[in-house]
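*Asks:* Below, each chain spelled out in residue letters.
Protein chains: 2
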Amino acid sequence: MSKIAIVGAGMMGTATSFPLSDNGHDIRLVGTHLDSEIIRSCQEKQVHPRLRRNLPIGVKPYYIDQIVEALDGVEIIVSGVNSHGVHWIGQTLAPCLKPGQIIISVTKGLEAGPDGHLLLLTDVLANELPLSLREQVQMAAIGGPCIAGELAGRRETVVIFGSASSECLDTLANAFRTPYYHIWKTNDITGLEICVALKNAYTLAVGYAAGLLDKQGGLDCAGAHMYNLEAAAFAQGCMEMEHLTRLMGGTSAFAYGPPGAGDFYVTAQGGRSVELGKLLGKGHTYQEARLIMAGETLEAAAIVHQMGKAIPAMTVNGIISETDFPLMRYLVRLVVNNERLEIPLDTFYNYLNPIIRQ
Amino acid sequence: MSKIAIVGAGMMGTATSFPLSDNGHDIRLVGTHLDSEIIRSCQEKQVHPRLRRNLPIGVKPYYIDQIVEALDGVEIIVSGVNSHGVHWIGQTLAPCLKPGQIIISVTKGLEAGPDGHLLLLTDVLANELPLSLREQVQMAAIGGPCIAGELAGRRETVVIFGSASSECLDTLANAFRTPYYHIWKTNDITGLEICVALKNAYTLAVGYAAGLLDKQGGLDCAGAHMYNLEAAAFAQGCMEMEHLTRLMGGTSAFAYGPPGAGDFYVTAQGGRSVELGKLLGKGHTYQEARLIMAGETLEAAAIVHQMGKAIPAMTVNGIISETDFPLMRYLVRLVVNNERLEIPLDTFYNYLNPIIRQ
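Residue numbers (the numbering used here), protein chains in the order written: chain A, 18 to 375; chain B, 18 to 375.
By construction, these hints were calculated from the structure, which means they are not laboratory data. One should not assume that every hint holds.
Any copy, or any two copies together, can satisfy a pair, since identical chains are not distinguished.
Calculated pairs, SDA-like style, for lysine to any residue (alpha carbon to alpha carbon, straight line, at most 20 Å) [stated by the list, open to error]:
#1 K326 to N204
#2 K115 to D341
#3 K299 to A181
#4 K326 to G117
#5 K299 to D237
#6 K299 to T364
#7 K326 to A311
#8 K62 to K299
#9 K115 to D237
#10 K299 to P131
#11 K202 to D363
#12 K202 to I373
#13 K232 to V353
#14 K202 to N367
#15 K77 to I337
#16 K232 to Y197
#17 K202 to G325
#18 K202 to P112
#19 K115 to G240
#20 K77 to C238
#21 K202 to Q83
#22 K62 to T302
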């Protein structure tokens, strides 16, 4: 039995408490300053309102101002914030951390620095820690196809834990693994984080096709959907995941494994990224769609904004050509430039030898 | 304008008549001996009953006994049969073919020879032709994410045309390409045919997860599906597509392009392979499911049967290890051996370095 803290009481962070509870750990669930209502519900009713489930046994909820108490003596800290909270959690954890602790992140995203250089979110978090501490805690990330509500429902789930340290991975796998929470391990945290971050962006294109169907009047007289268009975008998304993973030194095979095609598949089954894409496909600009979805965390838009900085920088630096990443460039035009335009199918697949268009 | 015959009046063969019609070709749609009702409806009402659409202009329906007349002077022949009809169409076309004609197949599958060696269906068809003729006609295949009903509805669709001959591909692309039918070309017909054949098998596993959800009472109190399990199977399916493609000398990158992940995605959106998988997931044996779906062509079961011959042969010959292709081996046990058993998640991803389980 270990003492484990989850910081960030959103759906995914809290969902990890279910396998941890089943393994008998002492779990402290710490809400951020945005999670006060969730923590109140957890304390008063033992119900997580967004997961719509009772907290599992052994999970004690804490408000953010109790974080020092909550983190006392813990061996593992789950970073359960979204991509907008990564700097914050690094700064918040910094004064509380002890040498030997492990931080494992469920956050999906990448951050483009001022020069457009892409950073993994585990590195962004680590960069907020004092240098001396940075070398004494270990960082890990969770990726792979996992809808939080299904994990909390103890549905069969496959995930990949990534960390530079194999010892850290063993500790984590032992703490989290249950008969329904199937854990694989990788030292390629770069490939893992890139794939799981990008899939949110590319899900916009799948949702776009569904929205376009609505815009054009829904199913036709013979019941035809627009799955062919969804699938065309899905394939291009997988290809661009592979390309960026390869460029950043990750395992390009992840594109057709659980972190890539697997996580992309599950994300395309529904959720906020699909919904945002649908609004764009129906003809709304991103600004309009953002208002319609006010209050929601839109990780898909967040990663597109970051790629909107990274792609031009990579192009100028000669790392990629102007015809590479046509789907991401298109998404940048929709989300960052607020344009309305159709999916540019005829620009796809141009670097999957030996497929050619002309 | 060309003269083009489509032999096999099923949904996919007939769907290709829509872009061909839009390009102004003279099209002859020839039903097989199983398609008489379809041809009758096409002749009497100009309606294709399974596509639930009017035939496009320029398409003339023929019964099988009119095939000599129908094939007279055609430049391109679309083979629209299913995998069970490949020997038949080769034998049927043989006496009618003329040097210089092109045969393009929409058929998805592979065939294991007596020694378990896998053959492409375009080769199976060609092997039915006299040797002298075999060198004077060109073979091609269509793969990629295309639901027939959407193509017939002129929805945006991406496909890959494959042939050893680039000249043949140019002729075909010129004949078929329309603003909604987006055609890419490849000389790697091996990689193309393998991916699009296997995706039908792996879709059984996605359907299985959906059926298991039903068996376990459907959505739980918080609305949780079993998409995590579907996605875990989806990723393993993509990985096994890559593996077989590589073993047979095809382009392994197809696994995350339109022939692999793309075609798999669209197939998993619904259809007979999903339905068959659902029945298995609900707890039916394959024999029971086959009776429930009596009369339906089950390409998913057909390819699993072929792989049930190929996998043991490849294992005995040392081409693969006993732990390779765990998902296909599982599907063989369900479909060929008629067993009931759960998806063996913990055997997956064992050859995607650097992901490890233990």
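*Asks:* The structure should be examined with respect to each hint, and the outcome stated for every one.
*Replies:* Hint by hint, here is what the structure shows:
1. K326 to N204: neither (27 Å within a copy, 37 Å between copies)
2. K115 to D341: The answer is neither: 44 Å in one copy and 43 Å across copies each exceed 20 Å.
3. K299 to A181: Cα proximity of K299 and A181: none, with 43 Å in one copy and 41 Å across.
4. K326 to G117: This pair counts as neither: shortest intra-copy Cα distance 35 Å, inter-copy 53 Å.
5. K299 to D237: within (16 Å within a copy, 31 Å between copies)
6. K299 to T364: neither (22 Å within a copy, 42 Å between copies)
7. K326 to A311: Close neither inside one copy (24 Å) nor across copies (55 Å); limit 20 Å.
8. K62 to K299: Intra 40 Å, inter 36 Å, cutoff 20 Å: neither.
9. K115 to D237: neither (61 Å within a copy, 40 Å between copies)
10. K299 to P131: Classified as neither; 34 Å inside a copy, 53 Å across copies.
11. K202 to D363: The answer is between: 13 Å across copies meets 20 Å, while 38 Å in one copy does not.
12. K202 to I373: So K202 and I373 pass the 20 Å test across copies only (5 Å; inside, 36 Å).
13. K232 to V353: Close neither inside one copy (22 Å) nor across copies (44 Å); limit 20 Å.
14. K202 to N367: between (33 Å within a copy, 11 Å between copies)
15. K77 to I337: neither (48 Å within a copy, 49 Å between copies)
16. K232 to Y197: For K232 and Y197, only the inter-copy Cα distance (17 Å) is at most 20 Å; the intra-copy one is 40 Å.
17. K202 to G325: Result: close neither inside a copy nor across copies, 31 Å intra and 31 Å inter.
18. K202 to P112: neither (29 Å within a copy, 58 Å between copies)
19. K115 to G240: Neither: 60 Å inside a chain and 39 Å across chains, both beyond 20 Å.
20. K77 to C238: Neither: 55 Å inside a copy, 23 Å across copies.
21. K202 to Q83: neither (33 Å within a copy, 61 Å between copies)
22. K62 to T302: neither (40 Å within a copy, 44 Å between copies)
Checked against the numbered hints listed earlier, the structure breaks hints 1, 2, 3, 4, 6, 7, 8, 9, 10, 13, 15, 17, 18, 19, 20, 21 and 22; every other hint is satisfied.
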